[in-house]
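Visitor: The residues making up each chain are set out below.
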Amino acid sequence: MELLSGGDMLLRALADEGVECIFGYPGGAALHIYDALFRQNKVKHILVRHEQAATHAADGYARSTGRVGVVLVTSGPGATNAITGIATAYMDSIPMVVISGQVVSDKIGEDAFQETDMVGISRPIVKHSFLVKDARDIPSIVKKAFYIASTGRPGPVVIDIPKDVTNPNDKFEYHYPERIKMRSYSPAQRGHAGQIKKAVQLLLSAKRPIIYAGGGVILGNACQQLTELARRLDAPVTNTLMGLGAYPGSDRQFLGMLGMHGFVEANYAMHHADVILAVGARFDDRVTNTPKKFCPNAKIIHVDIDPASISKTVVADVPIVGPVDSVLNDMLEILATAEEKQDSKAIEDWWKQINEWRERYGLLVKPRYRTDGNMIMPEEVIRTLYEVTKGDAFVTSDVGQHQMFTAQYYQFDKPRRWINSGGLGTMGFGLPAAMGVQYANRDATVACVTGEGSIQMCIQELSTCKQYHLPVKIICLNNQALGMVKQWQDMQYSSRYSESLYEESLPDFVKLMEAYGHVGMRVTKREELRAKMEECFAMKDRVVFMDIYVDPTEHVYPMQISPGSMRDMWLNKTERT
Amino acid sequence: MRRIISLLMENEPGALSRVVGLFSQRGYNIESLTVAPTEDRTLSRLTLTTIGDDHKIEQITKHLNRLIEVVKLVDLTEGAHIERELMLVKVRATGAQRAEVKRCVDIFRGQIVDVTATVYTIQITGTSDKLDAFFQAVGEASILEVVRSGVSGIGRGEKVLTI
Ligand SMILES: Cc1ncc(C[n+]2csc(CCOP(=O)(O)OP(=O)(O)O)c2C)c(N)n1
Ligand SMILES: [Mg+2]
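Quick mapping for you: the protein sequence lines, in order, are chains A and B. In terms of this note's numbering, the first sequence has 188 at position 188, counting the first letter as 1, and numbering is strictly consecutive. The number in this note's numbering is simply the position in the second sequence, starting from 1, with 1000 added.
So that you can see chain B by itself, here it is in the shape it has in the complex:
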């Protein structure tokens, strides 16, 4: 099962490499990873997606928790949560295609953020599934370049991850 693990860690050099090292060292996969400081500059928020059965995920969370720099951790997929990923994608858009692509972007509530005579650069946010679906809709053949931010997530409702 796909899981979104989100954690707060000390914003210190070396902390990220410990997290990443743990995954390769113990043979776990990272599907995506995002990290940036929070409003409290001493902390970073790291979100990663991984795939594994309950046993594996339990081991992953335990080992992450064991890292000295990890302050707090939550498996967002255990409860209601919001998941977002940002994508920038360059699509070939010429002739009749231009209108077609534009329509697609509207349906996916994306924005065209840059335009040339033959290329649209599009920004879309949403769940990873939605971003995948956009490829299908616009046709993989016309896609020139894709940049995805990796998944960010946050719990729904009053629950917050703070120290």
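This is chain A alone, in the form it adopts within the complex:
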């Protein structure tokens, strides 16, 4: 058997795990590992400009491919810089392995240079973590880390490696385990048959059913089953912010996103439903509004791989713990031979009602935003983006109004196309995530919808885009403000704009882009929007930044009124439901 150092073992293990690429940033404690990286050619590395970006890029890579994103950082500041991205991945259950260098074992605890307790500092935001004590443990720890990160409810796993463990002079036998068994970790393989049967009966008896599907459907690769089930039941479907794309966004049965900035028809249908099938969703507070007032007439079936998500905020009548794909398959199987019939008259009436709501309130039936002025409306930018990219781009976003407009107006027909930080709401996510997506999908169109606020949180990554030829398109909805903050200040603080304005301090993004060697475009006229956007996307191999001046007074609507039920919403600045 071949003898390898800890550093070489790590790289070999990553290669054996099928890792194609690491996003990272070197430093003292990681230098043995970086040298091992240099001496092999299987695993590629993308040098980011800030460790936060490494985690977001690995995250974008993971979300768009379903594979585990891998990050490598040094100890101390390298590790702490990665924290925001780890938390972001944790909140959205993204499979990720983060390898951090650590000071040498016998200095741990001595406040050594660049020492930080990475295992401790990351503990609340990881699925699991390892501190490697012995180089011989590296293969099995790597195997476990990938297994834990990618199975069950996925999540980030940290491997903290003291520098002495990767010492090139200490060599050991290397053997990569084929599979790993852990007595303390065994995610559910199947849902409970009796519960599934009960759920199907409940669904068949429903007069006003609705399917509420979240990011778990995408993570669990159950989109096809979800679509089949919805078709079979002729049930309306709504997706969470994280679930967009799990069900085809342009399909007749799709009611749009639900929740705080959800579509009226989706929130109404939830409120009036008699049976809700929640799949891979977690009844987030940005979905339910006030839990006590949530869907008063509904029986709730809740399918999720994570038992802790079930009945956490809203009690489920039929809880089913299991992988969403297998549970939905089981449901479809039962439905194929079920003798009970749906009340087709009731379903027909239900659709009539829903279509009335849609006609009256739907954002996509006809524009609810101004179309007569000279101002570019942010909604219109997203519609134009949707049309110019033929609805087939990978779209990442940052956090704010632009994010919500994108969720509302870009209809995602496929899963893994809409990539945003839903749980943590991390500004700065969009650009690095887009890099990871572009790296994984070389020929695809990748757009990052951002705001002039968010983009400045990771703007240094323009340099990474240059180095690795990642031609992402940045669509900046420039409202010259921290728009979402300003919207809340308009609505709740009598328009006292406390620290949400920049006072003429915005950089010239066009010049900035040029400085980075990219293309910048400024769009201020409504009639130029489409042509400029077409021009932007025609530049296939360039990074292009569209600095689009949009109406700074526009708010995102609908917006749920809190406290309240699902159906309590502002429709615009003056009208409410």
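Fair warning: there could be bad hints in the mix.
[To be verified] These stretches of chain A come out as covered by chain B in the derived footprint (C-beta under 8 Å, 3 or more residues):
hint : stretch
1    : 110-124
2    : 182-191
3    : 302-309
The set of hints was computed from the structure by calculation and includes no laboratory data. The C-beta atom is built at its ideal place from N, Cα and C for all residues, glycine as well.
Chain A is already provided as a structure; the job is to place chain B with the ligands on it using the hints.
Guide: Only chain B with the ligands this time, still in chain A's reference frame:
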């Protein structure tokens, strides 16, 4: 309601901090906590008492179960169980008090494990309630120092918590 949750977890560094971290992170209370390796040195048995309604306890047990190092878990208060806590307590005992304290110790089936001219050191085991009652009986004013082990528990009968 007060609950006694008992679990087996991997006897690994870091495992305990994950359990404790979970409680502070999610705003749950720990009333007492004991932990030690079992006869199988790769496993630790951890027993904790906490207070919460059914919903909260369900969440606590689910989140504990979700920790990778937790192998098995039981809420002892759900069934018949035995609960014990060990207490070492120093009591001022002078003059007539000496006999009084001694009587009290006998009633509570405790033992005096160390003696000086003015102080008894007493060992008592029992449920937490019983230990509380001892304070009352002996009079809080005469108590100098108290060390309690925290609750240990085990299910009654044939039921066992093993892997
Ligand atoms: C890292 C971080 N800090 C603060 C916030 C709070 N926050 C949410 S939206 C927002 C404004 C975002 O401004 P911009 O990127 O310009 O987007 P807009 O809302 O204007 O479209 C802020 C500050 C956040 N989500 N993330
Ligand atoms: Mg803005």
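Visitor: Give a verdict on every hint.
Guide: Checked hints:
Coverage of the stretch 110-124 of chain A by chain B holds [criterion: at least 3 residues with CB-CB distance below 8 Å; count 4]. Restraint check on the stretch 182-191 of chain A versus chain B: 4 residues with Cβ-Cβ distances below 8 Å, three needed, restraint holds. Counting residues of the stretch 302-309 of chain A whose C-beta lies closer than 8 Å to any C-beta of chain B gives 3; at least three are required, and the coverage claim holds.
Going down the numbered hints, you'll see the structure goes against none, and every one checks out.
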